[in-house]
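Given these sequences and hints, build the entire structure.
Now for the letters of each chain:
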Amino acid sequence: MAHRSDFHDIRGVRTHMLKGGRGRPLLVLHPEFGANTWAPYHDLLAAHFHVLAPDHLGFGESERPDWLDSIDDLVFHYVDLLDALGIDRLPIVGASLGGWIAAAFAIAHPERVERLVLAAPAGIKVDGVPRYDLFANPIEDVLRHLFHDPMRAAQVLPAEYGPEVIVRAYHEFTTLARLAWNPYLYDRKLEQRLPRVQAPTLIVWGENDAILPLAHAKAFAALLPYASLKILPECGHLVPFERADAFAKLAIDFLTA
Amino acid sequence: MANRVRPRRASSIARLSPRVSRRRDAKSGRREMTIAGGDADASAMQFFYFHLMPWPYLPRDFDRAYDSAWVTLPNRLYDPKRGHQLYNEYLDELEHAERIGFDGLCVNEHHQNAYGTMPSPNLMAAALARRTSRAKLAIIGNAIGLRDHPLRVAEEIAMLDVLSGGRIISGFVRGIGCEHLSLGVNPSYSRERFYEAHDLILRAWRDPGPFTFEGKHYQVRYANIWPRPLQQPHPPVWLPSQGSPETIAFGARHRYPFVSVFTPYANAKRLLTEYREEAERLGYRAAPSQLGFAVPTYVASSDARARSEVKPHLLWLFRRGLKIPPHFLAPPGYLSEDTLRRFLLAGVRAPGELSFEQLEREGYVLVGSPRTVRDRLAEIQKDLGIGVFVGGGRIGNMSHDKAVRSAELFAREVIPHFRQHTARTAAPRRGAGARR
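If you read the sequences in order, they're chains A and B.
Heads up: take any position in the first sequence, counting from 1, add 13, and you land on my numbering.
Heads up: take any position in the second sequence, counting from 1, add 646, and you land on my numbering.
I should point out that these hints are in silico values taken from the structure, not numbers from a laboratory.
Misleading hints may appear alongside valid ones.
As the list claims (entries may be wrong) - Among chain A residues calculated to face chain B with C-beta under 7 Å, some are:
(1) Y145
(2) A149
(3) N150
(4) P151
(5) Y174
(6) P176
(7) V180
(8) Y183
(9) H184
(10) T187
(11) R191
(12) N195
(13) P196
(14) Y199
Claimed, not checked - Below 30 Å or equal to it, Euclidean Cα-Cα: the simulated DSS-like pairs (lysine-lysine) are:
(15) K138/A / K1048/B
(16) K957/B / K1048/B
(17) K957/B / K202/A
(18) K231/A / K243/A
(19) K138/A / K202/A
(20) K32/A / K243/A
Claimed, not checked - Covered stretches of chain B (chain A as the covering partner; in silico rule of three or more C-beta atoms under 8 Å from a C-beta of chain A):
(21) 888-898
(22) 975-985
Virtual Cβ for every residue (Gly too), placed ideally from N, Cα, C.
The following block contains the structure:
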């Protein structure tokens, strides 16, 4: 499906966004991989919604301002972005890092979120359940852990790792480190605040998630007042990339119910 | 052991003699001892003896069974009983280096690894402060951004400076990538924290306390360190580095001696040249005392013998001690993107991939008979314009005896050549360039 690429100046910060599809607006927040990518799941969602897929600041083609160092900064940024677009209220889909941002947004601005779809959101820890360290492993090993089926990884990831691809990935991981190095991929306040989320929420988790193991799914769902949990078999951490069809169907059914 | 340096000036004899210095010390206390730090630039070349304090007892299957000597190398492989013996041997070697004529002794900070078992170089400097009396104690350096609070470094260096009678040289480093993983410090702020920690430490040494410091990473409302450093306005600051353009510009701006560490000769030359050029842009000429070169050094009776004796230990250093995969070496944000791009485009080979011959050719090591080393060092001095040489040391899994023999040969056959050289040439140059 046709999509286009736009740049917005949000309080002086260059923000890049892919847009496509017709219908009500839907904000789609990418995980720590796959910025500036119009993936098959975007296409599927765009059959029902006007998909707005911004690059988080410091990812893809969006600028990284010096002040960026927390998920809250991105929440404020997305408030500004929606204001700039003249959108008052909309559903949000977010995966992993994007799911964490979406949840934090829904906590801070419940009046602006219709519904939430969270695919393996980061943001909480479960005692005794280790999270895979994205920052301290060889890249091949990281990629193996992100997907259950290595064939899927090959379809999604760059075919070649030239210097510019590596520098770009390093740039994005540096942004991720600023946001989530310590505490690693969680915010201890989030657990305390998740019960504030008012939006009906669908949580989707890959049964074979090797980054945030399934125990996180149950813990996350238990903290939200209006949440249901779907577990996809044969699926790793990057749910929308690995199981685009199944994920999009669940999301669309939930968002259009 | 008594191959004491031939002094350059009559007036410095007393200062350079540990015996005299100790006697005076007993009589009149610390004041005389402060002189020890006073004439760093009087010689064209200062010689420093460097120690990493490695853990040489890696298991036989290390190469196959372990990804790295850092971060994940299980600490059950460290045996504290053998460690006790090693630490004491290592300190003996450093103390011995003072007796045989080195100007300074270097210790440095590394965490949670087998390459260098000195997480607190300040503790080792404290041990040396009480057992030496003349040599500079160069801590190259404290990884200031890794500390929870840099004032702790300001305090410890001040303590050491007072304790040692003003013999401390305070190197500052960022800490390597691995150490950000090992200590849980966010590498994407490594550079910011380094600069901010530096600013706070320098203020703590120089500015009357209490004062308020409110940075991004460190805040203190009552910075007021006791003790203050003995050397005024503060102990010399060095920047040991493998060199990023940012570090070089920072060093030249503050006139901090830059010491190129464990990097190929061509790279060391590039870095020191950049430093000199940066100094010129800033309107001054970098003194030799601002330019340092650190390289593992080994001397034996002949070139062939020196090579064959040092080879296994040098390979241990680079292939085992420095076995560091890229994801430990450069966690996210530790390198600037420009630096990473330069690395990738240059296709730099890790020294661990090089043969001994290649390492020697590229200048990762200075090895040979006394004559060879002396001649090469004279070339290096001329070519790089350095006034600080950091060498010696017990390389990798080298034995105590070998390390001591090499250091003695170096002190007896190499160092004096540069003293005589100085005696001939120092007079007309005295007063030029020296800043401290």
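Hint-by-hint comparison with the structure:
1. A distance limit of 7 Å between C-beta atoms decides the matter here; for Y145/A the minimum to chain B is near 13 Å, and the interface restraint is violated.
2. The beta carbon of A149/A comes within 5 Å of a beta carbon in chain B, closer than 7 Å, and the hint placing it at the interface holds.
3. The beta carbon of N150/A comes within 6 Å of a beta carbon in chain B, closer than 7 Å, and the hint placing it at the interface holds.
4. The beta carbon of P151/A comes within 5 Å of a beta carbon in chain B, closer than 7 Å, and the hint placing it at the interface holds.
5. Look at Y174/A: its Cβ only gets to about 10 Å from chain B, farther than 7 Å, so that hint breaks.
6. Using the Cβ-Cβ criterion of 7 Å, the hint placing P176/A at the interface with chain B is satisfied: the shortest such distance is roughly 4 Å.
7. Below 7 Å, beta-carbon pairs count as interface contacts, and V180/A has one with chain B at about 5 Å; its hint therefore holds.
8. For Y183/A, the suggested interface contact is upheld, since its CB lies about 6 Å from the closest CB of chain B, less than 7 Å.
9. Look at H184/A: its Cβ gets to within about 6 Å of chain B, closer than 7 Å, so that hint holds up.
10. Because the closest C-beta pair between T187/A and chain B is about 4 Å apart, less than 7 Å, the hint holds.
11. At a threshold of 7 Å, the smallest CB-CB gap from R191/A to chain B is about 5 Å, leaving the interface hint in force.
12. For the restraint placing N195/A at the interface with chain B, the shortest Cβ-Cβ distance is roughly 6 Å, inside the 7 Å limit, so the hint holds.
13. Among the interface hints, the one on P196/A is violated; its C-beta lies about 10 Å from the nearest C-beta in chain B, farther than the 7 Å criterion.
14. Nearest Cβ of chain B to the Cβ of Y199/A: about 14 Å, over the 7 Å cut. The hint is violated.
15. With a CA separation close to 52 Å, the supplied pair K138/A and K1048/B exceeds the 30 Å bound.
16. A hinted pair counts as satisfied when its Cα atoms are at most 30 Å apart, and K957/B with K1048/B qualifies at roughly 12 Å.
17. Proximity of K957/B to K202/A is assessed by CA-CA distance (about 55 Å); at most 30 Å being required, the pair is judged violated.
18. A threshold of 30 Å between alpha carbons decides the hint, and for K231/A with K243/A the separation of about 10 Å falls inside it, so the pair holds.
19. The suggested pairing of K138/A with K202/A holds, with an alpha-carbon distance near 11 Å, which does not exceed 30 Å.
20. A hinted pair counts as satisfied when its Cα atoms are at most 30 Å apart, and K32/A with K243/A qualifies at roughly 27 Å.
21. Counting residues of the segment 888-898 of chain B whose C-beta sits closer than 8 Å to any C-beta of chain A gives 0, which falls short of three, so the coverage hint is violated.
22. For the segment 975-985 of chain B, the stated coverage by chain A holds: 6 residues have a C-beta nearer than 8 Å to a C-beta of that chain, and at least 3 were required.
Hints 1, 5, 13, 14, 15, 17 and 21 from the list above are not met by this structure, while the remaining hints are.
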